[in-house]
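Protein chains in written order, with our numbering: chain S, 1 to 323; chain B, 1 to 100.
Heads up, a few of these hints could be off.
Every beta carbon over 10 Å from chain B, so not counted as near; a handful from chain S, in silico [said to hold, decoys possible]:
#1 G36
#2 A220
#3 D252
#4 S267
Residues of chain S clear of chain B, computed beta-carbon distances all greater than 10 Å [claimed, not checked]:
#5 G95
#6 G235
#7 R244
Pairs of lysine to aspartate or glutamate residues, derived as EDC-like cross-links and limited to a Cα-Cα distance of at most 20 Å, are as follows [claimed, not checked]:
#8 S:K111 <-> B:E8
#9 S:K111 <-> B:D34
#10 S:K111 <-> B:D84
Bear in mind the hints are in silico, worked out from the structure with no lab data behind them.
The beta-carbon is built from N, C-alpha and C at its ideal position, and this holds for glycine as well.
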Amino acid sequence: MGVVNGKQHFGSFYNGDFEDGSRDGWAVGTSAIFSGDSNDDIEGSNYSLRTSSRWSSASWNNLTSVSGDSYIPVDPSKTYTLSYRVKGYRTSSTGRQPQHYLGFTCWDSSKRFIDLRNCGGVGNTTLSRALNPGDAYAYISSSSGWPTGSDTTGTAYYFRNVMLYPPTHPEFSAAHRYTRIGYNENSLYYRAAEATGSGSEYRLRLCNSSNNDINFSYSAYPCPAGTPVHRGVAGGTYNYTFSRKTYTVGNDWSTQLATFSGESRNSGQPFRYDTAYLRAMILHNYAHPNDGGSYPYSETLWDRMLFIENESGTKYEFNLSGQ
Amino acid sequence: MKKYVIVESTAAASIRWFMIDQNSFEECERSHLDDRFLISYSGTAPEFLDNISAKSQEYTKEEVIPFLVDPDWSVFTSIGESDDWENEITRKNTFYEGII
């Protein structure tokens, strides 16, 4: 086990220990620097971050390290350790304990957010015929993983993206990993999927998010027969590495720690496909029942936010003595 | 009756806050990528909106809630197409019914 003595700058998160008394890099959401009081059992005499939480609206949205320099470059083939140190500080006025979803968010090489719909893994198949500008239908080799029938609009539109991997595209040609063609770029949905009678081939009627018929209009790179396709399916927005946690007031500080590597379509860990940058994520809404509006809200303390390349899988602990 | 408009965040500096229900960008409902925010007002649309092109049409409360209960706007913690997802949709609908 590695030991880190005292509060020092360590790891990739900017201002990960709030040592300078600011919340720089962690300034979104309802939060403030906390210097401790007579009854808080705070770690030493230095600073931590205090946040409030409720089941809540976007103005109480996720707390992330959002400053311009907060995108942390990652190589998903390497192993990393993510660790947050957390303590419940105060219950809400209704007695509810602090709760959060914790983890990270994934961004591509152009610092674009990687949504689950962009990730292959659901309905992986190929075009059975070329898809050309002006076409009303797309033909796929298999319907496995695709809602089928003459009317598929009973499935919400954000579960019906038709995602394409044009073979000559410089970014999105690797089959069934990461593409923005069909969602984010040239949004494409389908409202019907019917067997053609030719083997396992199905014909998709193309539409927009309002289920109005459209013709294929993407022309930047050709989509010949054999082009990989997946069904874009929305899901957990971020990577909730530590799931939902409750931090009971009165308990000691806890360390949430995960070590991981690799890529997949997921809302937990490891990285999503083609992740090039990571940002911290503390979602301090939605973890509570809908009792928003009861003030004071539950409060949580945060400290020693750590993200570090860790090829050896070493478990790091902070030695708190002598502060 | 209140009216609602979704504005792209790039236009935040053009908002005349004293003419709408919200007092600041931070106070507004915002999409999870912070690229859009919601404003509201009563009566006719304030004139400054005429000079903002990066905005939606005007909506009623019933019309705007589906935009807020959408994975393009709201943070979801459930896995797609699951029962939990439907519950989360319901909770979000209830929440926005009460808050905007």
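Now for the hints, and whether the structure bears them out:
no., hint, result
1, G36, "holds (26 Å)"
2, A220, "holds (23 Å)"
3, D252, "holds (27 Å)"
4, S267, "violated (7 Å)"
5, G95, "holds (20 Å)"
6, G235, "violated (4 Å)"
7, R244, "violated (7 Å)"
8, S:K111 <-> B:E8, "holds (19 Å)"
9, S:K111 <-> B:D34, "holds (14 Å)"
10, S:K111 <-> B:D84, "violated (30 Å)"
In terms of the numbered hints stated before, the structure departs from hints 4, 6, 7 and 10, listed from lowest to highest.
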